[in-house]
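Protein chains: 2
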Amino acid sequence: MLTIVVDAMGGDNAPACVVEGAVEALRESANRFELLLIGQEDKVTPLLQQHDLGSLNLRFVHAPEVITMEDVPAIAVKSKQESSLVKGLKLCKAKEADAFVSAGNTGAMMAASLFVLGRLPGVLRPTIYAYFPRLGEGLTNIVDVGANVDCKPENLVQFAEMLTIYQRYAASIDNPTVGLLNIGEEEGKGPEYLKQTWNLLKEAAGENKINFIGNVEGHDILAGKATIVVCDGLVGNTILKFGESIPHFLGALYKPALEKLVVSGQLDQAAAALAGKAFKEIFEPFDVEKFGGVPFLGVDGISIVGHGRSSSRAIKNMIYMAEHMIEQRVNERIAAMLS
Amino acid sequence: MLTIVVDAMGGDNAPACVVEGAVEALRESANRFELLLIGQEDKVTPLLQQHDLGSLNLRFVHAPEVITMEDVPAIAVKSKQESSLVKGLKLCKAKEADAFVSAGNTGAMMAASLFVLGRLPGVLRPTIYAYFPRLGEGLTNIVDVGANVDCKPENLVQFAEMLTIYQRYAASIDNPTVGLLNIGEEEGKGPEYLKQTWNLLKEAAGENKINFIGNVEGHDILAGKATIVVCDGLVGNTILKFGESIPHFLGALYKPALEKLVVSGQLDQAAAALAGKAFKEIFEPFDVEKFGGVPFLGVDGISIVGHGRSSSRAIKNMIYMAEHMIEQRVNERIAAMLS
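So the sequence lines, in the order shown, correspond to chains A and B. Going by the working numbering, the first residue of the first sequence is number 1, and it counts up by one from there. Going by the working numbering, the first residue of the second sequence is number 1, and it counts up by one from there.
Next up, chain A with everything else stripped away, as it sits in the complex (with noise of 0.2 angstroms):
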């Protein structure tokens, strides 16, 4: 049986949602895995008194320590050993556990996920990706989104390996489509770098470890042009933190608007309501809580970050996204692409 650990202190609503995740997890599976809930014990366990512990597959691991989401990653993981989201994935490392997953800190997630799990034979650098919404079905994955700048053509190509094999096999895309983020779809556009990788990317899709479609434009990520996008960290991060913006942005345009045509008495309080709460609903495939979380691609082990507003549905589907990510043996399949 898998064994799961949970960060119980990472998020903003930890640790009540991430009790309440892992509870639903366990409901919900039968008890198909085993969730080690590590944390500060007098803050979890009067939550778990709640619950019919007997009735679940739950350890509690007390963890004194907490990372919050202020601490500067590197100087955190450090000087913060017992901390839940170090000792967690510690857990990982002795083989007493499959995977960690938590809500934290993004930034010391990834630096204590490097450390302590070390990386994949053949990695050079391991990555991190964010989806966005798009036409049709589906999403748009975008590697790197801000774990590594300064990125080498080499790096990239890594990149777009990593996330073919984890959405080919962990999310059951056929042959995720790869584009290079670039200024214009010819091939010879762009910085040297890209051009550089263009070629290495078309290596790689000669080799069938990727379905490289060439350059795609800022425009193509909505548009759903390829289901997987690469490029360097600080554009990745740029596009993620403009994209996460866009609701508050339009809301704040939109609701005066609506506004003014109830004042003048073009629209009744009820429609404007309506129309109010329907143009909601449309961010909500931007909303990143709802759906979980990601892995960082290329360590040694299994280590999931969700966004810090994480839910307990959140919680609970990167449970599941670390049991799906162990049986289809992600991690070894890109040790064999890349080694």
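Hint data in this document are derived by calculation from the structure and do not stem from the laboratory. Any given hint might turn out to be false.
For identical chains, the list gives no copy identity; a pair is met inside one copy or between any two copies.
[Unchecked claim] No more than 30 angstroms apart at the CA atoms, straight line, and that leaves these computed lysine-lysine pairs for DSS-like:
#	residue 1	residue 2
1	241	277
2	189	241
3	90	189
4	209	189
5	209	195
6	90	78
7	152	241
8	78	195
9	260	225
10	152	195
11	195	225
12	241	255
13	255	277
14	189	78
With the hints as your guide, set chain B onto chain A.
Coordinates of chain B only, in the frame set by chain A:
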């Protein structure tokens, strides 16, 4: 009196829209400047004949060739020396005119401007910016948006300096703030070239050349944290194209959402239509074609490019922009700061 060359053949709605915009500018300004309308005689003169030319300070200049939106910039500029675009810029170079405006092929405009006009003293690489709507007053101006990739720190600093002068004198922004687009706010974040850029921007701020406020992130663009956001052309171009794709993407989600409310009887058709119209209107700040164009900063002359979809209003505004740039001696000020 100033003489401004207007490319009659530039833009999707050329030459009709361009003729209209030029005539409007002269009527509205009471012939404050002279316009040279340049283009193919058989296409343009029939349109001109519809106006009372005797009352307008307008001359027509024949240019037999046209650079289209499909032309490859570097090739077209060399092979189509008799195009309105190249010939118009040459009139500026020969001091027969003071500025050139076009809604044509941006890449070709950029290549031809650099080729024909050359660079201002001290300018390493001319640049082009784009404006974004933001919460509150004003706009966020991103530089560079595709003219330059593989940017070096000294290029980025010059972009900030040139756009600061433009914003200060041509856009009347008192002391425009400059942010460096990065993956985090803190000093020392991001790729090597941005760390070096940070230091150089700090120096430039110490000399009172710019008003540097530090790093900004993707979500700060629409939030309006800085008036000027500096980045490599790959990042800026990606954000620009991503931003332009948002209205279509969200419209494709919101339209069916409203229709569903109509079908289910929750919203009447008229209310849905009003809500849909208000929704479309919130994207108008994104709609560059309404406002005009942007100048190439750093070339030894005045060259203003508009969106391919430019309306006659946009053409008119570009003519005013050119006039204002000359009057405010923007290029002299750039040369003085950079040399």
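Q: Could you figure out if residue 78 and residue 195 sit no more than 30 angstroms apart (CA to CA) within one copy, between two copies, both or neither?
A: between (38 angstroms within a copy, 24 angstroms between copies)
With identical chains treated as interchangeable, where does the CA-CA distance between residue 90 and residue 189 reach 30 angstroms or less: within a copy, between copies, both, or neither? This pair counts as between: shortest inter-copy Cα distance 28 angstroms, intra-copy 45 angstroms.
Q) Given identical chains, is residue 189 near residue 78, meaning Cα to Cα at most 30 angstroms, within a copy, between copies, both, or neither? A) between (42 angstroms within a copy, 19 angstroms between copies)
Within, between, both or neither: how does the pair residue 209, residue 189 come out at a Cα-Cα threshold of 30 angstroms? Answer is within; shortest intra-copy Cα gap is 23 angstroms, inter-copy 33 angstroms.
>> When Cα atoms must be at most 30 angstroms apart, do residue 241 and residue 255 count as within-copy, between-copy, both, or neither?
In response: both (22 angstroms within a copy, 26 angstroms between copies)
Worksheet item: Using 30 angstroms as the alpha-carbon threshold, which applies to residue 189 and residue 241: within, between, both, or neither?
Response: Intra 25 angstroms, inter 16 angstroms, cutoff 30 angstroms: intra and inter.
How would you label the pair residue 209, residue 195 (within, between, both, or neither) given a Cα cut-off of 30 angstroms?
-> For residue 209 and residue 195, the Cα distance is within 30 angstroms only inside one copy (19 angstroms; across copies 35 angstroms).
| query | Between copies, within a copy, both or neither: which fits residue 260 and residue 225 at Cα up to 30 angstroms? | reply | Cα proximity of residue 260 and residue 225: across copies only (27 angstroms, versus 38 angstroms in one copy).
For the identical chains here, do residue 152 and residue 195 meet the 30 angstroms Cα criterion within one copy, between copies, both, or neither? both (11 angstroms within a copy, 18 angstroms between copies)
- Are the CA atoms of residue 255 and residue 277 at most 30 angstroms apart within a copy, between copies, both, or neither? Both. Shortest intra-copy (10 angstroms) and inter-copy (13 angstroms) distances satisfy the 30 angstroms Cα cut-off.
Inset, instruction - Up to 30 angstroms between alpha-carbons, please classify residue 152 paired with residue 241: within, between, both or neither. - result: both (23 angstroms within a copy, 24 angstroms between copies)
Query raised in the report: How do residue 241 and residue 277 come out at 30 angstroms by Cα distance, when the copy is not named: within, between, both, or neither?
Result: both (24 angstroms within a copy, 28 angstroms between copies)
The earlier numbered hints are all upheld by this structure, with none contradicted.
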